[in-house]
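A.B. asks: Listed below, chain by chain, are the residues.
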Amino acid sequence: MSDVVLSLAHLNKRFGALQATRDVSLDLRPGEIHALIGPNGAGKSTLIGQIAGSLRPDTGSIVLAGQEITSLSVAQRARLGLGRSFQISSLAEPLSVKRNVMIAVQALQGHSFRFWKPVHRDESLLAPAMAALERMALAHRADTAVAELSHGERRQVEVACALALKPRVLLLDEPMAGLGPEGSARLTELLEALKREVPILLIEHDMDAVFRLADRISVLVDGAVIAHGDSATIRANPQVREAYLGETTC
Amino acid sequence: MNKPDTPTLAPQPGLPTPAASWHDRKGLVQIGLLALLLLAPLAAHLLGHVYYVNLASRVTLVAMAAVGLNLAIGYGGMVSFGHAAYFGLGGYVAGISAYHAFDFTPVIAWPIAIPGSDSMLAIWLAALVLCGLLALVIGAISLRTTGVYFIMITLAFAQMMYYFANSWPTYGGEDGLPIYLRNSLPWVDTNDALTFFLICFAGLVLSLALTSRIMKSRFGAALTMARLNDTRLATAGIAPYPVRLVAFVISAMITGLAGALYADLNGFVSPTMLSWHMSGELMVIVILGGVGRLYGPLAGAILFVMMETLLGGLTEYWKLFLGLVLLFVVLFAKHGVMGWLAGRERHE
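Residue numbers (our numbering), protein chains in the order written: chain E, 1 to 250; chain G, 1001 to 1348.
Mixed in with the good hints there might be a few duds.
Stretches of chain G that chain E covers, calculated by requiring three or more beta carbons in the stretch to come under 8 Å of a beta carbon on chain E [as the list claims (entries may be wrong)]: (1) 1159 to 1167; (2) 1219 to 1225.
For lysine-lysine, the following PhoX-like pairs were computed, each having C-alpha atoms within a straight-line distance of at most 25 Å [to be verified]: (3) G:K1334 x G:K1319; (4) E:K166 x E:K195; (5) G:K1216 x E:K117; (6) G:K1334 x G:K1026; (7) G:K1334 x G:K1216; (8) G:K1026 x E:K117.
No lab work stands behind these hints, which were simulated from the structure alone. Since this is a predicted model, take the numbers as computed values, not measurements. Ideal placement from N, C-alpha and C gives every residue a C-beta, glycine not left out.
Construct the complete structure from the given sequences, taking the supplied hints into account.
C.D. replies: Next comes the structure, spelled out in structure tokens:
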């Protein structure tokens, strides 16, 4: 168990008559990218909500680095090392890129009730924020307002914000969504370099990216994990081909 | 502030100069507004027009109350329609304390006897503490809601205070409570109109400085993020609720302190200070001046009181014109007087 950073055990979530999550168990180990794929309506978003803390599972448990987080809030989970990005970019648009990342650094340091020292010359906030941007190859845009960024750049800022938290786990919700082939390839490269440092649970539609990046893949259909394995296994699995791959690519 | 903070960044050509001149323009407007507010009553004093000195004090105090409200609305995104509760409570603290000091009775006899006081310092402290506590309770409940519900619940709390004051005969009920002698400060004569104005002016400048400093701090960064995108704040690991609550409390304390001074200015406090008209007036001032602009409340208060005085002298329907001006600002000049005078606010 000690080599598991994040583990979901027997999660169930029901909205009225709809069973959105059925007995989902999966885990994430250090140094890997574990991809979660599934057709639209498979319950990916519900599952992410439960991991990130915006939804509570009806039953089951979530353990992050040995600590049970099932009933903690979004902010508490983030403090324990869960970094995430959103399917639809969620950044403060009028603020500069730098400022968006700095708030994560500030959260990591845990001193938000300080009223006096100005942040704009606070090196202890600025330096780690710039380092995170550097990792996502965005340092040159640090002073630009998020509103002026391209879609792909916003994706990179989101990941930089998550990285600035020095997370134990990254939860990336369709980071490639809406990116052109070039942007997608670029982000794939950045994530590949990242996974040695932080294990990533990747929810993604882009199959090329998934097969290139993922060490393991779980397939979610109708709220349940129907298949699990490395990319060769998944490609070969007839059930998966029928439920998912057959309808889209490959 | 507008210089790139890291040497790795190549400064974008053309950017530093406009940013700098924009800064200068904003700074000039701010200094200009403060100078206008300071010099007008000095001139009035020299010419012997005490009325205008008191009018300047009135501008200063509604501006200060609006600075408090602006922290909630403009910087925190919390549209409070109940800041009259704190303005009025501050006023009643001054009134009730003076009332008991005047006839040597305790404000509270049990469990501990608290005597009345005509010392402004004691009154200010009491107003700050009580308004802070009231805002802590009202905010803790109201901030569980958002949007229209937040507006309505803050209004409801303020109206409760209003009706309570209206129906409490000890302190004058709906007739209000006179302050026969203006409360005092050591070493200065608060009855002198100019001296009192300078006290108010110092209060306004301090609250402006405090707001500015807070908004540049880590707390300000968190509050800004809570306003712009609270999901982002929570995802970073900072719970938005306590951040908002603390800002709400500070906001109420500033407005409450202005209320205490306002009662002393008028020598009178009545439930009118607690009414929703008062909340609305403060809101109008914030919107006129420019929501979320540091000096917006001052610009708004100058405009508001000038309209009230000049147009109110011509017609008792002056609020019709106020409405038209407000309509114009909301439709065509969303950034208020400050947006018009000093250009749009830019985030770093």
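A.B. asks: Given the hint that K1334 of chain G pairs with K1319 of chain G, does the C-alpha gap stay at or below 25 Å?
C.D. replies: Given pair K1334 of chain G, K1319 of chain G holds - Cα atoms ~20 Å apart, limit 25 Å.
A.B. asks: Quick one, are K1334 of chain G and K1026 of chain G close enough, alpha carbons at most 25 Å?
C.D. replies: Holds, at about 17 Å.
A.B. asks: Using a Cβ cutoff of 8 Å, are there at least 3 residues of the stretch 1159 to 1167 of chain G near chain E, or does the coverage claim fail?
C.D. replies: Check failed, 0 qualifying residues.
A.B. asks: Given the hint that K1334 of chain G pairs with K1216 of chain G, does the C-alpha gap stay at or below 25 Å?
C.D. replies: holds (23 Å)
A.B. asks: Taken at face value, is the distance from the CA of K195 of chain E to the CA of K166 of chain E at most 25 Å?
C.D. replies: The given pair, whose Cα atoms are some 13 Å apart, holds under the 25 Å limit.
A.B. asks: Counting residues of the stretch 1219 to 1225 of chain G with a beta carbon closer than 8 Å to any beta carbon of chain E, are there 3 or more?
C.D. replies: holds (count 6)
A.B. asks: Quickly compare the C-alpha distance for K1026 of chain G and K117 of chain E to 25 Å and report which way the hint goes.
C.D. replies: Distance ~22 Å between K1026 of chain G and K117 of chain E Cα, so the pair holds.
A.B. asks: Against the 25 Å threshold, does the CA-CA distance of K1216 of chain G and K117 of chain E hold or violate the hint?
C.D. replies: holds (8 Å)
In summary, the structure is inconsistent with hint 1 from the numbered list given earlier, while agreeing with all the others.
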